[in-house]
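K.L.:
The chain contents come next:
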Amino acid sequence: AQSVTQPDIHITVSEGASLELRCNYSYGATPYLFWYVQSPGQGLQLLLKYFSGDTLVQGIKGFEAEFKRSQSSFNLRKPSVHWSDAAEYFCAVGAQGGSEKLVFGKGTKLTVNP
Amino acid sequence: KAGVTQTPRYLIKTRGQQVTLSCSPISGHRSVSWYQQTPGQGLQFLFEYFSETQRNKGNFPGRFSGRQFSNSRSEMNVSTLELGDSALYLCASRLARNADTQYFGPGTRLTVL
Numbered sequence: 001a002q003s004v005t006q007p008d009i010h011i012t013v014s015e016g017a018s019l020e021l022r023c024n025y026s027y028g029a030t031p032y033l034f035w036y037v038q039s040p041g042q043g044l045q046l047l048l049k050y051f052s053g054d055t056l057v058q059g060i061k062g063f064e065a066e067f068k069r070s071q072s073s074f075n076l077r078k079p080s081v082h083w084s085d086a087a088e089y090f091c092a093v094g095a096q097g098g099s100e101k102l103v104f105g106k107g108t109k110l111t112v113n114p
Numbered sequence: 115k116a117g118v119t120q121t122p123r124y125l126i127k128t129r130g131q132q133v134t135l136s137c138s139p140i141s142g143h144r145s146v147s148w149y150q151q152t153p154g155q156g157l158q159f160l161f162e163y164f165s166e167t168q169r170n171k172g173n174f175p176g177r178f179s180g181r182q183f184s185n186s187r188s189e190m191n192v193s194t195l196e197l198g199d200s201a202l203y204l205c206a207s208r209l210a211r212n213a214d215t216q217y218f219g220p221g222t223r224l225t226v227l
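Top line first, the protein sequences correspond to chains D and Z.
Counting in our numbering, the first sequence tops out at residue 114, every number present.
Counting in our numbering, the second sequence tops out at residue 227, every number present.
Rather than coming from a laboratory, the hints here were simulated on the basis of the structure.
Even for Gly, the Cβ is constructed at its ideal location relative to N, Cα and C.
Hints are not guaranteed to be accurate.
Think about it this way: if two alpha-carbon atoms lie no more than 27 Å apart in a straight line, the pair counts; the simulated BS3-like pairs of lysine-lysine are [to be verified]:
#, chain 1, residue 1, chain 2, residue 2
1, D, 49, D, 106
2, Z, 171, D, 61
3, D, 106, D, 68
4, D, 49, Z, 115
5, Z, 127, Z, 171
6, D, 49, Z, 171
7, D, 106, Z, 171
Counterexamples of contact, computed for chain D against chain Z with all Cβ distances above 12 Å [claimed, not checked]:
#, residue
8, 22
9, 38
10, 71
11, 92
12, 96
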């Protein structure tokens, strides 16, 4: 069965520092991969997605992610974190080869220190 | 274009009652999915509707049901509520069945006492 692992439950970084959130997935074929962000009391906002093509994808708010098939990873990065990036981040894979029936990781909560 | 809207935003019920949550997708979107988010289990897929038909179903008991109307609006119903049903219920819409992105609403926070 498809699964997503986000090894880091909580990460704290200083404002202006770089950020990398880890995501490992389990899926037999080329996956549809997503990163979503959730602010407290809010729904999920799509940051970026990968289906095929260039393995480095750019998203909103200055985020990017790199798909590495050999490592089954899809890590999210940002070169310089802003205080407003504090939120919970979820990696997801489409369980049926598309964007339906998403399987989510448990999430990584990001705290940003001033 | 307005996003996905969910009503009500907050709901308090007692055990044994039933509840109905509503979701209006983005205009023109025809696929609606529901997810349950709890601290323990995280985000879990409930079901997906397209053209008023359930197309996918997650691993939830039959107490959880849904439907979709001809205008693509969707409702989900939970009968005989249990304490463990307390969760944030998120609705997401897609343009079509083969669309590549789900757009989420703000969720309905259900508390079961």
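K.L.:
Does each hint fit the structure? Answer for all of them.
P.N.:
Quick rundown of the hints versus the structure:
1. D:49 x D:106: holds (18 Å)
2. Z:171 x D:61: violated (33 Å)
3. D:106 x D:68: It holds: about 20 Å lies between the C-alpha atoms, which stays within 27 Å.
4. D:49 x Z:115: Between residue 49 of chain D and residue 115 of chain Z the Cα gap is close to 21 Å, so the pair holds against 27 Å.
5. Z:127 x Z:171: holds (25 Å)
6. D:49 x Z:171: Since the Cα atoms of residue 49 of chain D and residue 171 of chain Z sit roughly 23 Å apart, the hinted pair holds (cutoff 27 Å).
7. D:106 x Z:171: Given pair residue 106 of chain D, residue 171 of chain Z holds - Cα atoms ~20 Å apart, limit 27 Å.
8. 22: Non-interface label on residue 22 of chain D holds, nearest chain Z Cβ at 16 Å vs cutoff 12 Å.
9. 38: Per Cβ check, residue 38 of chain D is inside 12 Å of chain Z; nearest 9 Å; violated.
10. 71: The claim stands: residue 71 of chain D keeps its Cβ more than 12 Å from every Cβ of chain Z (closest is about 23 Å).
11. 92: Since the minimum Cβ distance to chain Z is about 8 Å, residue 92 of chain D lies within 12 Å and the statement is violated.
12. 96: violated (7 Å)
Hints 2, 9, 11, 12 from the earlier list are contradicted by this structure; the remaining hints agree with it.
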